[in-house]
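Peer 1: Taken in sequence, the protein lines are chains A and B. Every position in the first sequence, counted from 1, becomes a number in our numbering once 150 is added. Every position in the second sequence, counted from 1, becomes a number in our numbering once 150 is added.
There are no misleading hints in this set.
Put simply, identical chains are the same to the list, so a pair is met inside one copy or across any two.
Derived lysine-lysine pairs resembling DSBU-like cross-links, with alpha carbons at most 35 angstroms apart:
hint, residue 1, residue 2
1, Lys503, Lys406
2, Lys484, Lys495
3, Lys502, Lys484
4, Lys283, Lys369
5, Lys502, Lys406
Because the hints were derived from the structure by calculation, they are not lab data. All figures in this text were calculated on a predicted structure; none of them were measured in a lab.
2 protein chains.
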Amino acid sequence: MKLIMQKSALKEEFQEVGSVGLVKTHSFTFAQTPEEMVLESGARLGPITLAYETYGELDAKKQNAILICHALSGDAHVAGYHSKNDPKPGWWNNMVGPGRPFDTRKYFVICSNIIGGCQGSTGPGSPNPATGKPYGLEFPILTVADMVKAQRELVQHLGISRLLNVVGGSLGGMQALQWAVSFPELVKTATLLATTSKLSAQGIAFNEVSRRAIMADPKWQRGDYYDRPDRPDDGLALARMIAHITYLSEQSLHDKFGRRLQDQDRLGDSFSTEFQVESYLHHQGDVFIKRFDANSYLYISKAIDYFDLTRHGELSLAQALRGVKSKFLVVAFKSDWLYPAEQSKEIVRALKKNNAEVTYALVDAPYGHDSFLLPNSTLEEMIVNFLGQNYRR
Amino acid sequence: MKLIMQKSALKEEFQEVGSVGLVKTHSFTFAQTPEEMVLESGARLGPITLAYETYGELDAKKQNAILICHALSGDAHVAGYHSKNDPKPGWWNNMVGPGRPFDTRKYFVICSNIIGGCQGSTGPGSPNPATGKPYGLEFPILTVADMVKAQRELVQHLGISRLLNVVGGSLGGMQALQWAVSFPELVKTATLLATTSKLSAQGIAFNEVSRRAIMADPKWQRGDYYDRPDRPDDGLALARMIAHITYLSEQSLHDKFGRRLQDQDRLGDSFSTEFQVESYLHHQGDVFIKRFDANSYLYISKAIDYFDLTRHGELSLAQALRGVKSKFLVVAFKSDWLYPAEQSKEIVRALKKNNAEVTYALVDAPYGHDSFLLPNSTLEEMIVNFLGQNYRR
Chain A
151 MKLIMQKSAL
161 KEEFQEVGSV
171 GLVKTHSFTF
181 AQTPEEMVLE
191 SGARLGPITL
201 AYETYGELDA
211 KKQNAILICH
221 ALSGDAHVAG
231 YHSKNDPKPG
241 WWNNMVGPGR
251 PFDTRKYFVI
261 CSNIIGGCQG
271 STGPGSPNPA
281 TGKPYGLEFP
291 ILTVADMVKA
301 QRELVQHLGI
311 SRLLNVVGGS
321 LGGMQALQWA
331 VSFPELVKTA
341 TLLATTSKLS
351 AQGIAFNEVS
361 RRAIMADPKW
371 QRGDYYDRPD
381 RPDDGLALAR
391 MIAHITYLSE
401 QSLHDKFGRR
411 LQDQDRLGDS
421 FSTEFQVESY
431 LHHQGDVFIK
441 RFDANSYLYI
451 SKAIDYFDLT
461 RHGELSLAQA
471 LRGVKSKFLV
481 VAFKSDWLYP
491 AEQSKEIVRA
501 LKKNNAEVTY
511 ALVDAPYGHD
521 SFLLPNSTLE
531 EMIVNFLGQN
541 YRR
Chain B
151 MKLIMQKSAL
161 KEEFQEVGSV
171 GLVKTHSFTF
181 AQTPEEMVLE
191 SGARLGPITL
201 AYETYGELDA
211 KKQNAILICH
221 ALSGDAHVAG
231 YHSKNDPKPG
241 WWNNMVGPGR
251 PFDTRKYFVI
261 CSNIIGGCQG
271 STGPGSPNPA
281 TGKPYGLEFP
291 ILTVADMVKA
301 QRELVQHLGI
311 SRLLNVVGGS
321 LGGMQALQWA
331 VSFPELVKTA
341 TLLATTSKLS
351 AQGIAFNEVS
361 RRAIMADPKW
371 QRGDYYDRPD
381 RPDDGLALAR
391 MIAHITYLSE
401 QSLHDKFGRR
411 LQDQDRLGDS
421 FSTEFQVESY
431 LHHQGDVFIK
441 RFDANSYLYI
451 SKAIDYFDLT
461 RHGELSLAQA
471 LRGVKSKFLV
481 VAFKSDWLYP
491 AEQSKEIVRA
501 LKKNNAEVTY
511 ALVDAPYGHD
521 SFLLPNSTLE
531 EMIVNFLGQN
541 YRR
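With the rest of the complex left out, here is chain A:
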């Protein structure tokens, strides 16, 4: 009887139409001593492990590979479930699977955790071969170009000489754009969602207060907390809470929470009185610290701030994009105030100056910067069409 119930529950779970089902994270290690990877700063990093997942099958001509690049807090687990009891699927589950926009019946989909990350790829929490202890702040400063250079090793390892599409939102979009610049021959098409060629002063400011929240936590210990009983959870939670506000639009916060109170029906007379929006943010912070590393947050957010293809104004953006050979789909979201549409348009203009083939769309989704992560039929259709136009079996 018990067995039957389990089977029935299992059946129900995987009746999710279009799911890739049970998936595994793999890992690939390269840049072994003394062949370390040379970073943009000149520092050397190795060995490097990349955690990655793949969905679907590589076709015979190896022309159907799509690389998904994740954003600040993402990881390699884009779609499907890690176990039968996994409460949550991957972070872009609605987009990847049989019949979904990144259709795994047609495409071979790859995603790797970026270097600097904390979900299986080499980052500040990994052992420093020079000491045997976790790197902490001994980890070198990273750039988006470094993340992409490491991904390229994985793509080569998988036997792929040209990617059908590189796609990502936010930091993921920066990576996709960097891919098209660093390896123009390898990128047939690129899809840039809710991204920019350089973060605004306001964006840098928010990243900096988030970093300061971490670094002001006494448990951060200048990044050397891995062997201690406590981690800088308070600081990391606060960093996430700050950032989370910037990912949403005022309208979506209003629609979701307004000024409604949590577990109360009138204002109280103490600091424990909570609006629902406060409670929601606390929850976001609490959940985040269970899956993320504070030093990774520092390194990755700094890489976002540093990203600037114009080499800090040395070139125009059009000059910076001179060598690109990809076709582009660029999508901005109306309510995204952190990566505003104007910044996407700037990329589009610079690409057009280089006679690149570009499709630009401004999607009227109300969820702010997070819009690219949420189900949206307009976005889904655009991706289906863009991929379909550029892939013939």
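Keeping the supplied structure of chain A fixed, place chain B upon it in accordance with the hints.
Peer 2: Okay, now just chain B, sitting in the frame of chain A:
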């Protein structure tokens, strides 16, 4: 010789045309035991001291008094200098003085530090008469109505039975609106700048992460830090940095700092690399902790969140404003995303439903929420005209 140089410097300093010159902060104490003031929560607070400044002279008929209400981080020192060597004038110096919009040749201008504050008025850092020690978190939760109720005691003490104008921006505007609701007979006109009848969910969210920055600082000690060697400076500085970003527009941050680097001409390879905008925020935090108290920040920001004349939706805003008898000038600023113009318009609509005389203006200043604090000829002209229309000597 030395004396002559001093005189000459002094002369130069007070050649600032239109300055009120040297001013003093006064104080007024009331609500002595057992006649404490009853707060909106039902708690009792007393004795209460209000620090205040006045500029100009009360006319014979006592009809020229203007009450300025300050915002979260403001104080009673609106204009002029506290000493000959005072490096900075009051926070709205450009607006108050002979020949300035609040013309001290015509008007008697008052400003008091709000209760809950830390610049001379009774707040969480003041001695609790029950214990003789600073209140800390024993201080009662405050509302905007409580702040206004205390100000009314001061106005009565000054012998004024009707105010020509109550004016303020942000939290100051909330107070001005509350004045018109709590004491309709006492407020001839009210000027509401960059304010709202209730803060948005996004505004509450930013206030909450600022409070959390303070409360996560181990030196905060649940508010009981006054007798300790260290104060929660890191937390308070971070709170200010977060809030400061929300006071400025993306455009003004871009114009002021863009992505320019501080003391460097290229990106470095460590966390010490700083963009100018980061350095600016750090400076804002460092300056703030020298003049502000962390517990005051908690209490006042909470009062801002709580402010809601509709009694948490029990009434419509029009119903809540039913008793007002003042004329209103309501001014919003286009680039203010924290207190967006729509919220000012909502007040205007509700006032008009009550047949109140309202002038509304949307000013095209680029500086975000802070626009109301910065010199702006449009704003100045509107204030001059509005006051002039409502005051005859």
